[in-house]
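Participant: First to last, the protein sequences are chains G and Z.
Mapping the first sequence onto the numbering used here, position 71 (from 1) lands on 71, and the numbers just tick up by one.
Mapping the second sequence onto the numbering used here, position 3 (from 1) lands on 3, and the numbers just tick up by one.
When the alpha-carbon atoms are kept at most 35 Å apart in a straight line, the in silico DSBU-like pairs for lysine-lysine are as follows:
(1) Z/Lys-295 / G/Lys-9
(2) Z/Lys-6 / Z/Lys-295
(3) G/Lys-75 / Z/Lys-6
Hints in this document: simulated from the structure, not taken from any laboratory.
Note that the structure is a prediction, hence the values are computed from the model and not measured.
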Amino acid sequence: MAAVLLADKITHVYPSEPGRHILRDVSMQVEQGEFAVIVGRSGSGKSTLLQVLGTMEPLQAGALWLCGTEVTQLKDDGLARFRLQNLGFVFQSFHLIDSLTAVENVRLPMELARLPRRNALTRASELLDLVGLSQRSRAFPSQLSGGEQQRVAIARALANRPAMILADEPTGNLDREAADVVLGVFEDLHKHQQVTIVLVTHDTAICDRADTVWRMEDGVLSLARSIARQ
Amino acid sequence: MPIALKWSLNSLRRRTFRMASAVIGVVLGVFLAFEVLQVAIAVPAALGAQLQGFYGRATVTVNAPNTAVSLPAHTLAAIARVPGVQTMLALNVQTAVVGRAKRAMQLTILGVGRTFGGFERIFSPSGREIDVSGRGLVLSASEARTLGVRVGERVHLVVDGRSVQATVRGIGRSEGALAPLLGRHYTIAGRGEVDAWLGRPPITDAVWILTRPGADVSRVASRIQQEVGGLFSVAAVADEQIGMPHNVNIMLEVLTFLAALIFILAGMMIFYSMQVTVAEQVGEFATLRAIGATKGRILRMVLLQSFLVGGAGIVLGLVLGIALQQPVLQAIDQSGAQGGAAGPLTATSLVVPACIALTTVLLAAYAPARRATRLEIARILSNSHGPLAAIAPDRIPLVTTLLTAIGLIVSLVFAVIGRWTAADGCLVVTLFVFYRPLLWVSTRILTAVSNRFGLGRLKIASRSVGRRVPAAASIGALIGVAIVVYLSTSGIDSAVGNALRADAQSYLGGAVSLTVASNRGVSESAINRLRDVSGVYEQQSAAFDLQTSGTSAPVSVEGMQLPAAGPLTSYRLTGVSWPQAMRQLQADPRDVVVAQPLMSQFGWRVGQAIRLPTTHGVGVYHVIGALPAQPVGENDTILMSLRAFASSYASPLRTYDVMLSSLGATAAASRSLERIARGDHPSIVTVAGAIASESRQLGPVYAVFTSLSVFVALIALLGLANQQTMNVAARVQESAVMRAIGAATGWMTQVQFLELLIVTTLACWLGLLEAAVVARLLGRVITAAGFPISLLLSPVAVAIAAVGVPVVIAGCGALSIGGTFRRLRIAEAIRYE
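Whole structure, please, built from the sequences with the hints as guidance.
Facilitator: Listed below in structure tokens is the structure:
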């Protein structure tokens, strides 16, 4: 099975705290269709790792291959195009555009990718249907509950059929019920659509749904559990 | 609709007030630029049409190159006989002496007018003072052009058959302080030359020849050259040699200045608005970057927002410009110039303002747009305390600080070496562009003070202010502009008034002039009694002859043979159409059509009954319409039927300029003249102050300035109110938490009062600082233009602006906010996100 993500000895230090290593020689691999979860306490560096893996934080040391591309070779706009085509993001705070409706938020990445308008509309409707929000497509983020907003964010992340979805504490701002719905969506995506997912959380209950569980402690990543996939 | 466009529109909609202010700025700028261009097109067209109607198009100028030799009478007569020559106007030189020669200055040539004096200092167009203490001439630029001479060359003058040679010492603004208003030109000569010329015949240095319609100008010019011989030559052959009337030029300069000022203001507003908008939307931009938007895409999205603002402003500005085109031209008409009819829309008038506005808008928005592309995506998206805080600077970039320091140092160096204009310019740029380090320092000082003395409320307020620095700077800039515009209004007003009085004083030792209109055909002896009025120093006269309409008979006007009055119908009348005017003039001999300048001079209006001198005493006439300007010169101003004219219902109107010996004599003399006008000598129909007339011409300009000042000040005040409203709305949750943990409404209101006080004080102080620098700069420019003025705010005004305004605004704001806090539902607000 092909590796969608291959990180080799990634090290990261914040310029404001030069003595403190946020990531220490982090190496990991995620394969096509895998559901990987990274768990750890607050401040352990797991979100920073996700940002580095998502090319939002510059790589300081080590190497990173995403979808077979060594992303260290790419410049700023090149990275943006790479993210547009290959990665989907789901954030803890949703980060939807307040002035756009749910369907428009989902259409946004497709518009950035210059997908024809009609195709984009059709796909956005399909994606909202997929996350169970087809009835709320014309609602603005402020009119949606937290769980609904996060599901819109998941639909947006899927817009350009990315090779991998990176989710940073997607249930962190949700109650248990809404969190279950959102995790159910991730699980469905993984099982039925074979979407590769890398999810960062401090909630160990999520680990049961994952193929692979990584543990982050003080910037050091270790493999906690792996289930052989067919 | 593309999502990027929708996003931009929604973003603008959520910031309606801020963006509306920017749109208004663009609207005004486009409107004024449009009017400038339309007036610049309409006025020469009107003048050209006017002259074409009477004379044909072409003009030929004859003079003796590099000399000021008079064209002798027989040569003039020979020119007049050349086929195709319609009429000739002799250009002449009015001469004034440096110093206070009083009567000696009246070397009036061809009886055109009087000369104002007071030429103590003469400046070249570049502002260099010209030494005229020795022998030599200083020519006005137009004279130098006509004569074809340069500084340092000797000119040969023939005065009364005697040859005089003089060196041109300078070519400059020799018109004196009044000239920009009066449009007159002078040659300034050393005292020796003037002494030599006194009492001598005038010098005719050039002749302006207008050809008949359809005449072959080259052939006419060639024939004239044969007639004038070797000494004189045809200097210029042109279709038109019509310059823009001076007061139209002033109007255009003022409009251009205003348009430029407003474009700068609009640019600043857009810059600051977009800075704040980008700061507010930083989370959205970071999200877009995270999901794959390139920097170019973000740049275009921000620029699209400003483009929409600019586009709306351009469309509205052009619509406003087209709608108000006619009133603007009428205002120019009323100021005594030929405004002409509203011309057809030209591509230049539409495209140029739009391009300037668009460039301004995009340039202003470019820096904020660049800022939106340079985000630390990961930091912003993982930040939980809001996008605005994420971008609010904890420290100012080193480059900005360095540039600010360099700007201040360079400005100081310029000041030390006496280059004040450069120093001011440098300081203005530094303050406007690199304002943030200065405000950052201010807020740091406040925080440090509050930390040291443990002032809890002040500490909270000053820390919050740090996030509102761009808004404070924006409002400060507006306040600065308002102060500058206000200072300009009052300053220019007093400068012009002072200059008028100074000129008059230097001429007669203190004088104003009054215009008395009378009948020249009735009682010359009665008119002579004007001299007996106490305080009257001297009088001069100018005739306002009559013109008939609808007749083929030529009417003599000041020695020029005019063709039939038919071409007059090519000018649009005010208040009546030509066919109707013709009918009424023929039907009622007491109906008249009056030229607008005369209407303005005597305060007449269409529909009004006026008193005119007649051969049988004063007659009452009814003004049925107005000509937009003097049809030819200053002479034919009243149109009446041939029947009325021939039957001596009216006699020519003559005005007398009565110079008074002192300013103190004005009131008494005016009363005496009025008494003569009303009682003793009924042939005198009215008395009007000439200085008042000049001031009236500038009235619209002052009105525009004052309105602009009030407008900008209002925008600034509204901006402050808007800022505070946004601040409270944005922090409703924080306020609710404070209430929940026990903060009293009064305590929170005090915090808000302090916060608003700091922001308003910063804004007002910045505004005062900017205004002080810009006003000094402007004052120097106005002084260089011949109106010595120092634009300074009084200490009381400074105190009010620096302390009074912030306290009042903060007090009012705090009262309003206190009410908001009392109405706050804590539980609901805490849930609110």
